[in-house]
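Asks: One letter stands for each residue in the lines below.
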Amino acid sequence: MEKLQSIGQLEWLRNKILARSKTAGTVVHVCMTGCRAYGAAAVKEALQEEVNRQGLSGRVEVRGTGCHGFCAKAPVIAIDPLGIQYQEVSPEDAAAIVGDTLKRNRLIDRLAYRDPGSHQPVFYLNQIPFYKKQIKRVLTRCGRIDPTRIEHYLAAGGYGAFAKTLTKLTPEEVIAEITASKLRGRGGAGFPTGQKWKFTREAGGHPKYIVCNADEGDPGAFMDRAVLEGDPHVVLEGMAIGAYAIGADHGYIYVREEYPIAIEHLTVALAQSKELGLLGENILGSGFNFDISLKKGSGAFVCGEETALMASIEGKRGMPRARPPFPAQSGIDRKPTNINNVETWANVPMIISNGAGWYGQVGTTNSKGTKIFSLAGKVNNTGLVEVPIGATIKDVVFEVGGGIPMGRSFKAVQMGGPSGGCVPREYLDMPIDYDTLQRIGAIMGSGGMVVMDENNCMVEIARFFLNFTQSESCGKCAPCRLGTTQLYEILTRLTLGRGKLQDLETIKELGQTITETSLCGLGQTCPKPALSTLKYFAREYEDHILEHRCAGATCDTMVISACQHACPAGIDVPNYVAAIAEGDYGKAVGIIRERNPFPAVCGRICIHPCEFKCRRGELDAPVAIRSLKRFASEWFFKNIGPKRKPYPVTKKEKVAVVGAGPAGLTCAYFLSKMGYQTRVFEAQAIGGGMLGIAVPEFRLPRKVIEDEIEYIKNCGVDIVYNAPIDVNHTVNDLLGEGYGAVFIAPGAQASIRTGIPGEDEKLTGLYYGLRFLTEVRTGRDIRLAGKVLVVGGGNVAIDAARTALRVGAADVQIFYRRTREEMPAWQKDVEEALEEGIVLNLHWAPKQILQNDRKIIGMEFVRSRTVYDDDGRARLSVDPESLQTVAADAVIIAIGQAPDASFLSRDSQIERSLWGSLEVDRNKLATNIPGIFSGGDFITGPTTAIQAIASGRRAAIAIDKYLLGDKSRVEIIDEKTGRPSSAGLALEDESAKDQQRIDVGIEDPHDRIKDFREVEKGYASDREAAREAKRCLRCDLERERR
Amino acid sequence: MKPPEIDWDKLKGIIDRHRGEKWGLIPLLQEIQENFGYIPPAAIEPVAKALNLFPSQVQGVITFYAGFALKPKGKYVLKVCRGTACHVKGSRSIIRLMQKELNLKEGETSPDYQFTLETVACLGACFLAPTMLVNRNYFGRLAPVRVTSLLDHYRKSKEDKTP
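As given, the protein sequences belong to chains A and B, one line each in that order.
Residue numbering for the first sequence follows the numbering used here, beginning at 1 and increasing consecutively.
Residue numbering for the second sequence follows the numbering used here, beginning at 1 and increasing consecutively.
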C-alpha cells in the first residue's frame, strides 16, 4: 500500500475499499481470539474449505474476527447480513452451515442458542437476551472486522475522526469536546479524561509523551484484551487524536506479555498505519508528527500503576513513586506524560466523530457513555458485555448474564479485582457508576465482574486477593509490603479455623492503616477485598471462628464433604447415599437419624442445601440426595415401621419441651437418646408444628408425619397434646414440677397484617395464609370460587395459592412486591405453582382492600421497586401513579409470620428480644434464666424444617452440657458416621460416570389440582435408586485418596 | 537430562543489536528470554556492559519481573491461571492435581526438562475458567479428566503440537 499524502487520499482509499466490499455478499464471522482455545482456527479452516468446495468462494467471505462477546458458547460464529449466530460450532458442522444455511437459507437447530426457559432455539443475534440489553459502542466493530486488516477498519469509517481532528479542530477544541463528553478514565479511578489532557497540554517541557496502559493485570478482567485483539486500530486512532490535542509526538503502548494475540495484532496494526502514513512524519500532509512504539510488560502486576509503568518503560524495576509530581508534569524521562487506559482511548474517536452531545445520550449525570465489563465466574453467559453506565448489576448479571447456573443463589459480585470489593445481593438494583460503587466499598475498576454464588466462601475470597497483592507488592513501602503479608496470614488462619474474634478488629485497623499510608494505588486499595467482605459478610467470618462453619463449604479443615457441611444438621450424606447404593436402606435411615429424626419428612420437603453444594453438580447435575432419602425412609416405614424399643433412661434429670414442631421433637429425641426423661407439651391436638398443621397434604401426606412422630414417641419421648403453656401453666411452673431444663420452641405462627386500608379480619373472603392452610389441613370444609388473590412471596403464600386452587378457586393470582429471585419461597414450589396455572404478578405492593357490604370485591396495588439513598441503603419505593385495581372474590394475605410470645405473659423474667421473641445466646440457645432454652422458628423467624431440626439438636446438646455443669461452648462439627459404607463410587464404576441424574416423577398439573394427591412421586424401583446413588463422587473419601 | 546447550554466538548477536539502546534493558532481556527460555546468569555481565549499566541493575530488573527466569525451563511451560474467575471455579484443585500428576511444585521444572509448572495471576481468559496456557496455547474449562489427558499428550509429544 502506498503512503497517503492528504486527507483527500484517505477518503479516496476509503471509497475504493467500500466500492470493492459492496460486491461481496455474505460474511461468516469466526471469532479467532478468545474462541481459539476451543478450536476456532479449525472451524474457520473447515468453513473456508466447504465454501470453496461447494462453489461459493466468490460470494461468501469467511472472516477471522475478534471477540463476539458470547464467550460462554465458544466457538461462536455470526453470519451477516442474515443476522444469524451459531454457537459451539465444530469443524464437522462446516458442511451443514455452508450447504444448508448459506446455500438454502435453512437454519440449523442444534447450533442455535437455546432459550433457557422455553428451550426453543433462537437463531437471530438480536433476539438473544445476552445482546438485547447491551449497547455496543466501543465494541461495535469487535467481532465484525478482521483486526489484522486496516481496510476493514477504514471501511467502517476508521481514522475519520482523526482526519476531522487534523483538518477542522484546534487542540483546544478537541480537549473541550472530550471534557464536554464527560468521559472518565476507564482504567478504574474514573478521573475526567478531558481534564487530564488539559493538564498535560498546559504543562511546560518538551517532548511530551502519551501512553496507552494495556497492562490489564486485574484478575477477572479481559476487556482491554478483547479491544486490542479485535479492533486495535481504534486505540491507535484515539491515541493519535490525543497526541494532537496534548501536543505529544511520541506514544507508547504498554501491553502485558501474557496477551500474545493482542501483541500480534497491535504489531500488525502499527505496521499498517505507518505504511499508510497515518502514523509517522507529516501525517496526511498536515505537518503533524506522531509515532507509537510497543512496550511489552514482563509479568509484574504493579506496572499497571502509572508511575511504575513509566519506570518499566524506562527499563527499570517497575516500582511506583510518590505523586506529585504527577505524570502530567513529570512522567517518562521527566517530561509531561499523559496515560490513559485502552478502553478510554477507544472511546475517543466516536466522541470526535459524533460529538459530546450524542455521546452523552447514554450514561448517568456524572459519567457518560458505556462501560465494558468482563463477566466471569458463576454466571451462565460468561463473556464480554458493554452496557450504558448506570445499568444495574442485576441487568448485567441476570439479564445479560442469564443468571447463576444450576439454580444456585447469587451471593456477591466482585468488582474491580484486588483493588475492589464484593457487592452483595442487596445492591443488585443499584445503578453502576463510579460514584455509587465507591460509596459501597467497591470500585468500577477496570471492569472485571466475577460473580460468586452460595458455594463461594467470602473469607477464602478475601484471602485469595490478599495472597495476590502480597505476592505482587513491589516491596518499596512498608505498609503495603508488611501489611499485606499480615492480612494474608490472618485470613489464612481464619480459613484454617484457627482464628480469633479479635482478628476481625485487627483486619479493620490494619486495613485502615494500609489504605492511609501506602505509596501507590495498589497498596492503598489492597485491603478493600478484606474490608468489603468483612463489612457485608461478617457472619461468615464469625462462623469460621466460632462455629467452624464455612458457608461456601470450601475451607478444607472444616469440611469433610460439601454436602454434609451444607446440611444445617450435618448429616453424613455420602455414607447414607452409599448405603442406598448397597441396598441397605435400614442402615441409610440409621445414619440420617444420627443427626435428624425426620428422614421421611425431609425426603419430601427439605430444601436440600446439600444438593446445591454437591460436587457432582459441577460435572453434570447434583446427586438427587433428597429423593434418595425419601426412598430409604419409605422402605423403612413400610418394612420395619415406627415400632422400636425406647431408649433406656439413664439420667436422673427430666426435661420439658414446649411445642411439638420439628425443633421441639428433635430436641426431645436427642435428649431421650442421651438417657433423659423428656416430655413435650403441645398446645394443638396434633403434633408436627407447621409440618402437621400447615404444610399441605399434596406436599407432605399426613401419614408420613404421623409415622415419624410415632417413631420419636417410641424412642421414649412423652408427648402431651392439648397442653398449652400459658397463664395457667407457666414455664416457671415447669421448673417447679421438677424439670431440670425447659426448651421453648413454639414456632412462628402469628400471621403478619399488611396494615393497609380496608384490612378487616371480619370481612367475608379475607383469609390469612397460615390460618387458611391450617383450617384446610385439619379438615375444615373451606370452599373457594372465582378469583383469589394471594399477597406475599414466601412458602406460605405459594402453599396457600396452590391450596386455593384445590378447594375450588378458578383463577389464582399471586402479588409480590419484589422480583422472583427475591421470593423467599422454594423455587421448586414456585415452578410447580406456575405449572398449575397460578399467575405471578411481580413488583406490585398492596394498597387497599376493597369491599362491598362486608364482602371482598377486590384489591388495589401500586408498582414497587427497590431504590437506593445516597448511602447506598436499599428501600422499597412505590409509584402512587401506577394504581391497578383487581377484582377478586377472596384475598389471602401471606406476607409473613412472626413469633408470638404473649403466651409467656407470666414468665416476664425471661428477657425478650426487640421483635417479640426471646433473647438467646446463638451458640447455646440459652435465655437469661438458667435452665431455660429456646430455639427453632420462634427465635429465628420462619425458616425451614431442616434448620429447625438443627436448632433442636443444638438445644439438646446445650441442655445436656448445662445439666452436667459443663460451661464450654457447643461445638457441632462435621463427623463421619461410625457405620461407613464403601459402595457408590462413581469414580470406580464406569457406568455411573456418565449416568445422568434420575429425577423422580411428578403428577400431571391438570390432574393433580383436582385433589390433594401428592405431587411428587418417589423412585419406582431399587434399581433406579441404586443407579442414582452410585453417581455420588464420594468427596468424603478424598482425604484418604489424596 | 541436561538443559540444551546455549548458543553463545546467537546470544552475542542479540546483545549487539541492543547495544547502547535507550531504555533497552527490558526489550533485550525479553529477547533473550524468548530465545533461550531463560536468562543465562553468564549473560548478565555482557548485557550490563552493552547498555552501560551495573550488573546489579540488570540482576535487579531480572528478579523483579516474573517474566524473567535465571533457570532454564521445560519444553512445555504450563501456566495455570489462579485468577479470580478461575479461583471461584475451582482452579485450586486443578493446580493440586497437576502438582500430583507431574510431581512438581509451583515454579519447578521436571528433571527431563519436558515440563515447567507455573501459576499466573490472570490470563485474561476468564470466560474459559478454569484455564491454563501451555506455551502459547490456551486450554479452558479444565476438568480433572481433561488435565490428565492433556498431560499425557504432552508427555509423549516431542514437538509443539496442540492436541
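Accuracy of the hints is not assured; some may be wrong.
Okay, derived cross-link-like pairs now, EDC-like style, lysine to aspartate or glutamate, Cα gap no bigger than 16 Å in a straight line [claimed, not checked]:
#  : chain 1 : residue 1 : chain 2 : residue 2
1  : A       : 1010      : A       : 881
2  : A       : 164       : A       : 11
3  : A       : 703       : A       : 634
4  : A       : 535       : A       : 503
5  : A       : 1017      : A       : 634
6  : A       : 787       : A       : 775
7  : B       : 79        : A       : 1007
8  : B       : 22        : A       : 314
9  : B       : 73        : B       : 118
10 : A       : 316       : B       : 118
11 : B       : 22        : A       : 542
12 : A       : 500       : A       : 435
Beyond 12 Å from chain A on every Cβ pair, some chain B residues (computed) [as the list claims (entries may be wrong)]:
#  : residue
13 : 11
14 : 34
15 : 114
I should point out that these hints are in silico values taken from the structure, not numbers from a laboratory.
Glycine is no exception: its CB is placed at the ideal position from the N, C-alpha and C atoms.
Asks: Run every hint past the structure and note whether it holds.
Replies: Results for each hint:
Between residue 1010 of chain A and residue 881 of chain A the alpha-carbon distance is near 40 Å, which puts this suggested pair outside the 16 Å criterion. In summary, the hint linking residue 164 of chain A to residue 11 of chain A is supported, as the alpha carbons are separated by about 11 Å, within the 16 Å threshold. This hinted pair checks out: residue 703 of chain A and residue 634 of chain A have alpha carbons roughly 11 Å apart, not beyond 16 Å. Of the supplied pair hints, the one linking residue 535 of chain A and residue 503 of chain A holds, its CA atoms being roughly 14 Å apart against a limit of 16 Å.
A distance of roughly 11 Å separates the Cα atoms of residue 1017 of chain A and residue 634 of chain A; the hinted pair therefore holds under the 16 Å criterion. This hinted pair does not check out: residue 787 of chain A and residue 775 of chain A have alpha carbons roughly 20 Å apart, beyond 16 Å. This hinted pair does not check out: residue 79 of chain B and residue 1007 of chain A have alpha carbons roughly 57 Å apart, beyond 16 Å. Taking the CA atoms of residue 22 of chain B and residue 314 of chain A, the gap is near 8 Å; set against the 16 Å cutoff, the hint holds.
Taking the CA atoms of residue 73 of chain B and residue 118 of chain B, the gap is about 10 Å. The hint holds against a cut of 16 Å. Between residue 316 of chain A and residue 118 of chain B, the direct Cα distance comes to roughly 24 Å. Violation of the 16 Å bound is thereby established for this hinted pair. With a CA separation close to 55 Å, the supplied pair residue 22 of chain B and residue 542 of chain A exceeds the 16 Å bound. About 35 Å separates the Cα atoms of residue 500 of chain A and residue 435 of chain A, which puts this hinted pair outside 16 Å; it is violated.
Listed as a non-interface residue, residue 11 of chain B keeps its Cβ farther than 12 Å from every Cβ of chain A; the least gap is roughly 18 Å. Its closest Cβ contact with chain A, about 9 Å, brings residue 34 of chain B to no more than 12 Å, contrary to its assignment away from the interface. No beta-carbon of chain A is positioned within 12 Å of the beta-carbon of residue 114 of chain B; the least distance is around 22 Å.
Going through the hint list in order, the structure does not satisfy hints 1, 6, 7, 10, 11, 12 and 14.
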